[in-house]
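Enquirer: What follows is the residue order along each chain.
Protein chains: 2
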Amino acid sequence: MPTLNEVATRAGVTPATVSNVLRNKGRVGEATRQRVLEAIAALGYRPHLPARALAEGRAPTIALMVSSIANPFYPEFALAVENALRRRGQFLIICNTEGDPQTGRAYLDQIAGTLSEGVLVMNANLDFEDLRMTELRGAPVVLCMWERPLDPPGLPCVAVDFRLAGELAAKHLLELGHRRIGAIVGSKVYGIHAARYEGFVDAMRGAGLECAAAPVLYTPDTTRGGYAAALELLKAHPDLTALFTTNDLPALGAMQAAADLGLDVPRDLSVVGITDIQLARESRPALTTVAVPTTEAAEFAVELLVDLIETTASRAASDGARQARVCVTSPPHLVVRASTGPVRKR
Amino acid sequence: MPTLNEVATRAGVTPATVSNVLRNKGRVGEATRQRVLEAIAALGYRPHLPARALAEGRAPTIALMVSSIANPFYPEFALAVENALRRRGQFLIICNTEGDPQTGRAYLDQIAGTLSEGVLVMNANLDFEDLRMTELRGAPVVLCMWERPLDPPGLPCVAVDFRLAGELAAKHLLELGHRRIGAIVGSKVYGIHAARYEGFVDAMRGAGLECAAAPVLYTPDTTRGGYAAALELLKAHPDLTALFTTNDLPALGAMQAAADLGLDVPRDLSVVGITDIQLARESRPALTTVAVPTTEAAEFAVELLVDLIETTASRAASDGARQARVCVTSPPHLVVRASTGPVRKR
Numbered sequence: 001m002p003t004l005n006e007v008a009t010r011a012g013v014t015p016a017t018v019s020n021v022l023r024n025k026g027r028v029g030e031a032t033r034q035r036v037l038e039a040i041a042a043l044g045y046r047p048h049l050p051a052r053a054l055a056e057g058r059a060p061t062i063a064l065m066v067s068s069i070a071n072p073f074y075p076e077f078a079l080a081v082e083n084a085l086r087r088r089g090q091f092l093i094i095c096n097t098e099g100d101p102q103t104g105r106a107y108l109d110q111i112a113g114t115l116s117e118g119v120l121v122m123n124a125n126l127d128f129e130d131l132r133m134t135e136l137r138g139a140p141v142v143l144c145m146w147e148r149p150l151d152p153p154g155l156p157c158v159a160v161d162f163r164l165a166g167e168l169a170a171k172h173l174l175e176l177g178h179r180r181i182g183a184i185v186g187s188k189v190y191g192i193h194a195a196r197y198e199g200f201v202d203a204m205r206g207a208g209l210e211c212a213a214a215p216v217l218y219t220p221d222t223t224r225g226g227y228a229a230a231l232e233l234l235k236a237h238p239d240l241t242a243l244f245t246t247n248d249l250p251a252l253g254a255m256q257a258a259a260d261l262g263l264d265v266p267r268d269l270s271v272v273g274i275t276d277i278q279l280a281r282e283s284r285p286a287l288t289t290v291a292v293p294t295t296e297a298a299e300f301a302v303e304l305l306v307d308l309i310e311t312t313a314s315r316a317a318s319d320g321a322r323q324a325r326v327c328v329t330s331p332p333h334l335v336v337r338a339s340t341g342p343v344r345k346r
Numbered sequence: 347m348p349t350l351n352e353v354a355t356r357a358g359v360t361p362a363t364v365s366n367v368l369r370n371k372g373r374v375g376e377a378t379r380q381r382v383l384e385a386i387a388a389l390g391y392r393p394h395l396p397a398r399a400l401a402e403g404r405a406p407t408i409a410l411m412v413s414s415i416a417n418p419f420y421p422e423f424a425l426a427v428e429n430a431l432r433r434r435g436q437f438l439i440i441c442n443t444e445g446d447p448q449t450g451r452a453y454l455d456q457i458a459g460t461l462s463e464g465v466l467v468m469n470a471n472l473d474f475e476d477l478r479m480t481e482l483r484g485a486p487v488v489l490c491m492w493e494r495p496l497d498p499p500g501l502p503c504v505a506v507d508f509r510l511a512g513e514l515a516a517k518h519l520l521e522l523g524h525r526r527i528g529a530i531v532g533s534k535v536y537g538i539h540a541a542r543y544e545g546f547v548d549a550m551r552g553a554g555l556e557c558a559a560a561p562v563l564y565t566p567d568t569t570r571g572g573y574a575a576a577l578e579l580l581k582a583h584p585d586l587t588a589l590f591t592t593n594d595l596p597a598l599g600a601m602q603a604a605a606d607l608g609l610d611v612p613r614d615l616s617v618v619g620i621t622d623i624q625l626a627r628e629s630r631p632a633l634t635t636v637a638v639p640t641t642e643a644a645e646f647a648v649e650l651l652v653d654l655i656e657t658t659a660s661r662a663a664s665d666g667a668r669q670a671r672v673c674v675t676s677p678p679h680l681v682v683r684a685s686t687g688p689v690r691k692r
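Chain order of the listed sequences is A and B. Mapping to my numbering: the first sequence position 145 is 145, numbers consecutive. So my numbering is basically just the index in the second sequence, starting at one, shifted up by 346.
Be aware that one or more of the hints could be misleading.
From the structure, some residues in chain A lie toward chain B, with a derived Cβ separation under 7 Å [what the hints assert, rightly or not]:
1. L79
2. A80
3. L209
4. Q256
Ranges between beta-carbon positions, derived for each pair [what the hints assert, rightly or not]:
5. A:D109 to B:E376: 17 to 27 Å
6. B:E352 to A:A324: 24 to 34 Å
7. B:T355 to A:G138: 12 to 22 Å
8. A:Y190 to B:N471: 16 to 26 Å
9. B:Q669 to A:Y190: 51 to 61 Å
10. A:R267 to B:R526: 45 to 55 Å
11. A:P215 to B:E521: 41 to 51 Å
12. B:E352 to A:R325: 29 to 39 Å
13. A:Q278 to B:P677: 48 to 58 Å
14. B:P561 to A:Y190: 55 to 65 Å
Covered stretches of chain A (chain B as the covering partner; in silico rule of three or more C-beta atoms under 8 Å from a C-beta of chain B) [stated by the list, open to error]:
15. 63-75
16. 90-100
17. 277-291
For the record, the hints were derived by calculation from the structure and aren't laboratory data. Since this is a predicted model, take the numbers as computed values, not measurements. Here a beta-carbon is modelled for each residue, glycine too, at the ideal position from N, C-alpha and C.
Can you make the complete structure from the sequences, with help from the hints?
Expert: Below, the structure written as structure tokens:
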């Protein structure tokens, strides 16, 4: 590859002048600029991005930390982030933590503030202390889908009202006449889906139903987890007419369990999820779900991060006392498809 | 963030010595090395990766060009590539071309040889000329899943015998007694799935069946594409007892079409796919498919690319006449699940 020096020699200028032309900086006469551009074209020279980033004190990528790119929601979110970044001329590095805080820490140590100038975090099971250290070392961090807008995490975040999502899903089942509703929660009891389940509980109480009347199981946030939980719930409580699940993947698993038990969805059993991933639209029956604004959240997260990067660059590194910003997306909304129907008279 | 100079001052050495310790180069006495490491730890200094990459003439990432990260096969492949790269201490940049050669060209121009030291290409619909230009400018390119091992593309590639995959899928249907088999091809007539369809045709001929006896439709490589094609085939040819599809997504769509037509899979209709994505295991009925060695292909691709990067670095850039290497994976194999069964007597 031709070097900057070769371009300079061919154009009859100094390397600093070539650099100024490339970066649109300094004072360069139009005739000189043209000679440099012609030399660049003739030699096929391309500026070295890490070098340019280094010269400008910036790295040209953003890192997205996800717990598993194999969960179909994350590629959908990553695609939306990538589209938003591309419009700004930046690139995305996707880092899989596989839900392991140590792997996450290794990524943060190796790329934050060096290869990537900022970090987006999506349910990657990272230690908040590690994230604060990353911030202190100059690489802003944004949590991409914080589930509790009213209870911010002390780190910049994009928040989605997931309690409302749970409430909307439960209200839909209640309006269809269901009263015996089982709940499948795709996290631990105080895990990331807790707010979604609280919304369900609120709706049940609002309808005058005892929470104890609704059996609940906590399970991994996968199709398989939802399948196993649904089998267990439906065998233990054959009078259930509907299942509320805190995410689409377990909901899809619950529909498979119903099929394996000979139950027709929605005639014998209604199933509702949360998120609206592509599979929810494609499953048979298509899944009724509460859609969250994925693309909007991705765009907000990129905007917030870029803003923080620019702010950080223009302030002293020690000025870390500013308030962590919270961006709330538009509310989730119910999407009725074929997996829910009126309660069956028995 | 602390600088290299601050580390040097604290350790009482020159910046060059700190750099040598960081890069394990030059002669540094053990006592000096310890002082430098202690200063690094005390200050929380981290080497600046772009700077280090620049000093060593290397970029620290690999780019993976895919046509759409939203197609569930690509995240599975990307995950396998990322695992292989992580073991080598390298990072993955995922570039979505959305099937558009111009977007692909923009990515290649901006990152190949600068931000990324090599490029993996997965069905990204890129111009081969653009890829050869990328190679000439010093960034090696590897095609990740070339479908015809006996007909190499003139670029380094990992090849999978997809003709054999098609043949195995068709033979499975023939052995179950099927004779009226429709074919759904997830690409254009001379598109990337042509080799898979040739395998199907070979197997049909081997069984003494006329190819003309098997209706075929070409369709987008999506669930929706497979759904529409299956509806059309099954309506036009109600005597079909099996569908061969060149990929799992259209096969899953074909199963949905069968359900919507009131056909039971596999009692009324057998359906077989190719690839073995996670959804094939999770669908109901689970999809019989021909599994391709995805993880092996990802590992071969990374090995080949890293090898080419090292070779390129140690040779003159003008030495471009070497033969493009072809790595062939182990053969695909049939995975029988619930979507295929013996032909029904009518």
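Enquirer: Do the beta carbons of P215 (chain A) and E521 (chain B) sit within 41 to 51 Å of each other?
Expert: Holds, since P215 (chain A) and E521 (chain B) (Cβ atoms, about 47 Å apart) stay within the stated range.
Enquirer: Interface hint check: A80 (chain A), Cβ to nearest Cβ on chain B, cutoff 7 Å. Holds or violated?
Expert: violated, 10 Å
Enquirer: Checking C-beta pairs, does the segment 90-100 of chain A have three or more residues closer than 8 Å to chain B?
Expert: holds (count 6)
Enquirer: Can the hint on L209 (chain A) be confirmed by a CB-to-CB distance to chain B that is less than 7 Å?
Expert: For L209 (chain A), the interface hint is violated, since the closest Cβ of chain B sits about 31 Å away, which is over 7 Å.
Enquirer: Please check whether Q278 (chain A) and P677 (chain B) have a Cβ separation lying inside 48 to 58 Å.
Expert: About 31 Å separates the Cβ atoms of Q278 (chain A) and P677 (chain B), which means 48 to 58 Å is violated.
Enquirer: Are three or more residues of the segment 277-291 of chain A within 8 Å, CB to CB, of chain B?
Expert: Holds: 4 residues of the segment 277-291 of chain A have a Cβ under 8 Å from chain B.
Enquirer: At the C-beta level, are T355 (chain B) and G138 (chain A) separated by a distance inside 12 to 22 Å?
Expert: 20 Å Cβ-Cβ, so the 12 to 22 Å window holds.
Enquirer: Quick check on a hinted range of 16 to 26 Å for Y190 (chain A) and N471 (chain B), using CB atoms only.
Expert: 46 Å Cβ-Cβ, so the 16 to 26 Å window is violated.
Enquirer: Take a look at whether the Cβ-Cβ distance between P561 (chain B) and Y190 (chain A) falls inside 55 to 65 Å.
Expert: holds, 56 Å
Enquirer: Regarding the hint that L79 (chain A) lies at the interface with chain B, is the smallest CB-CB distance below 7 Å?
Expert: holds, 5 Å
Enquirer: Do E352 (chain B) and A324 (chain A) keep their Cβ atoms within the hinted range of 24 to 34 Å?
Expert: This hint holds: roughly 29 Å between Cβ atoms.
Enquirer: Would the stated hint for Q256 (chain A) survive a check requiring a Cβ distance to chain B of less than 7 Å?
Expert: holds, 5 Å
Checked against the numbered hints above, the structure breaks hints 2, 3, 8, 10, 13 and satisfies the rest.
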